[in-house]
Amino acid sequence: MNALINSLIYGIVILLIVFTIVAYLTWIERKFAGRMQSRIGPYYVGRPHGWLQPLADVLKLILKEEITPKNVDKLIYNIAPFVVLIASLLLFAVLPFSEKIIISNSSIGVLIFLAISSLIIIGGFMAGWASNSKYPLISAIRGGAQIVSYEIPLLFSIIVPCIIAGSLNPIEIVKAQKIWFILYPVIGQISFLIFLISGLAEENRTPFDIPEAESELVAGFTVEYSSMKFAMFYAGEYAHLLALSGLGTILFLGGWKGAFLPGSLWFAIKSIILFLILLWIRWSYLRVRIDQLLKFSWKFLFPISVLNILLAGLIVILK
Amino acid sequence: MEINRVESNGFEELWVNMGPQHPASHGVFRMQIKVDGEVIKEVIPHIGYLHRGVEKLGEFLTPVQFLPVLDRNDYLSSVSNEFPFALAIEKLANINVPERAEYLRVIAAELMRISSHLVFFGTFCLDMGGALGGGSTIFLYAFREREKILDIFEKWTGSRMHLNLITFGGVRYDIYPGFDKDLKDFLKDFENKIKEYEDMIENNPVFLARTKKVGILPKEIAMEYGCSGPVLRGSGVKFDLRKAKPYSVYNKFEFEIPSFPDGDVYSRYKVRILEMKESIKILRQAIEGIPSGPINSLMPVKVKTSIKLKEGEVYEAVESPRGENGVYIVSDGRFGLYRVKLRTPTFYNLSVIPYLLKGALIADVVAILGSLDPVFGDVDR
Amino acid sequence: MKELIEELKSKFKIEEKDNFLIFEKEKIKEIFKFLKEKGFNFLSFITAIHYKDYFEAVYCLRNININEIIFLKTKINENEEIESLCEIYKGANWMEREIYDLFGIKFKNHPDLRRILLPEDYEGHPLRKDFRIDTPYKNWR
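Chains as they are written, first to last, in the numbering used here: chain A, 3 to 321; chain B, 157 to 537; chain C, 29 to 169.
Hints were generated in silico from the structure; no laboratory data involved. Take the hints with a grain of salt, since some may be wrong.
To be verified - Reference listing, derived: stretches of chain C covered by chain B, where coverage requires no fewer than 3 residues with Cβ under 8 Å from a Cβ of chain B: (1) 64-74; (2) 80-94; (3) 108-122; (4) 144-152.
Bear in mind the structure is a predicted one, so any value in this text is a computation, not a measurement. Quick reminder that beta carbons are idealized off the backbone N, C-alpha and C, glycines included.
Could you put together the complete structure from these sequences and hints?
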């Protein structure tokens, strides 16, 4: 009973915090991108740095008119944004923010994370199919192919820290890192790189953002949505990205370990640094073509990740 | 639960419409694409959304009134539209052009060439990268350089894009006192920047994978369709009107003509980058050797409202950033023009599209269309 | 170049009138096939002019190797047709569609003769001399 109330309180507090952070992540992105392109980002709303911009965006999106095309599949069309948003927010239930703060302490936390993150693309596919028009359909099919191909390298790169630590519980994995896992001789760096690349592909970010905002097929599978439903897709994408950065810090960067500051603050700082790296990659690269993307995954990433696992297994046996 | 199915003609074939308003089609242009999976089977292009009837207007306006109308044809490099018309009328009316005016015309034409190729560079990367993403970074850098050129134009003639500079007998405006210092500063700065952008893009494996071996145009097909300019030079034909039939004072400058034999999107892109570097060389030589003298054969510059043309027909062509821009005039000895035919380069460059897109993937459409560098004022006139 | 013009004059009965070569429109395919074999494989443009009661079609060819340009003309009366060049030069496709659109001259054996610059339901051919410049478009909404 006590554990249940604990989980409930933690859940509500973390949900509110995550909502605000996700809103301000859009502000961070626009400022960062602006500086990379020699211009100032948002400036006017809340001078001098534009820090009220996310509030203005949320208000605008709420007040817009909802236009629903006539021949969409009503049930699936309405459910799809909720699937994406709920699945993205559910990912935070298994991430530990410090040694004691975790909503649901289960012994297979990492596995649950991977399972829920596959639900997100199902929401995208539902949106593409239900919109009953050609452009979302093409983009949903491409998205499905891309996600399925990149699940496997992602899985294989996440397994390696779990093999070395000996458990799937995220708290145990952090405790087992005497030095940060990324500094391990060969397997650390390779696993981190494969995790970054596959994470970007799972997330539909440039250079792999083929289902999304592309200049060939206008806005991908969200093209028939407006106002609040579109905002839900958008928020779901940023929440997914933040959760992925969180998982990256737990597995590779030592979680909440660090001197002087409390653990949860270290976790937040490391997550945001990883997020900024993903952002930097987005604003510098052009987009890959879909067939080159799939070739890259199956012919290059897949064999390397399998070799990586064999190497990790060898190290565990020899220790 | 009711289900509304998506109807499609035939088995696995879909007609996708890249409509007149589209973020990546460089203007108003409509293509109906028949798609089988990801591979394109057939393309039906539709043009004519920007047709303004300029050739018919040429028969009703006097030649002097017609010059600013011609500016709006290829709106990204407006000097190369007025140039052949002025050359043709001067041939028919026997007007001489002083040498200083010729040098000023060449300087304006080469600056316009750099500006137009910068727009190509920015929008090419923008299409391939996405409006929110890596492409827009390069787009903003390229346009930042172009702003400096437009500032120079504004100080010279008073307007940024449609200069209205060339008139019959010479040039309308003289350069201002600090012009050569401005130009030399800009050229020095621009040379370093171009090298930086080139290195940034060309060592990027994503860019190379998307542009090499894509959209190959063989030499014979390009010549049959009448393509000219960088499209032709990217397929291995070394033909440039500035060297083949030099007009104005181009035979006094030393420069080279780049050309690559591959014929794919990458070669056409590379030809334009090298052309920008050659333009820098020409500009440096021009600004050193500019003679003093009058800028028009009729000083002070007054615009003659009617010019007596002798009877006959003449065709003059100029090398614009997009190809061979020519004007064919038929006159019957009165004060106007009997028939004006504008040979605009993009109309003939664009007719290769049904050939190029057969068998390509949908993701290649933007790369191929961007590499032809269409401007729809040119196509539709 | 001079020999080429002499050869054309003797073979196909072509007259020369200040830099333009005038030929008869029945022989169009043979002349252009002959010129293409001689190296003139760059078709620069095709256009037409409307005189008082006849049309004149103008063709312009370039030879890139020897850097020469050649202009050919022919006379077409009202309501007559002329052979299309699409089998010899593929680029003539759009050029002849534009002439049909703006002048109304029909081309025989053209694979796809329809309007290119104006809307499909436009009436009239604008560049003729008897078309008033301020004729309104009927379907203007």
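Okay, the hints, checked on the actual structure:
1. 64-74: holds (count 5)
2. 80-94: holds (count 3)
3. 108-122: holds (count 5)
4. 144-152: holds (count 4)
Taken one by one, the earlier hints all hold for this structure without exception.
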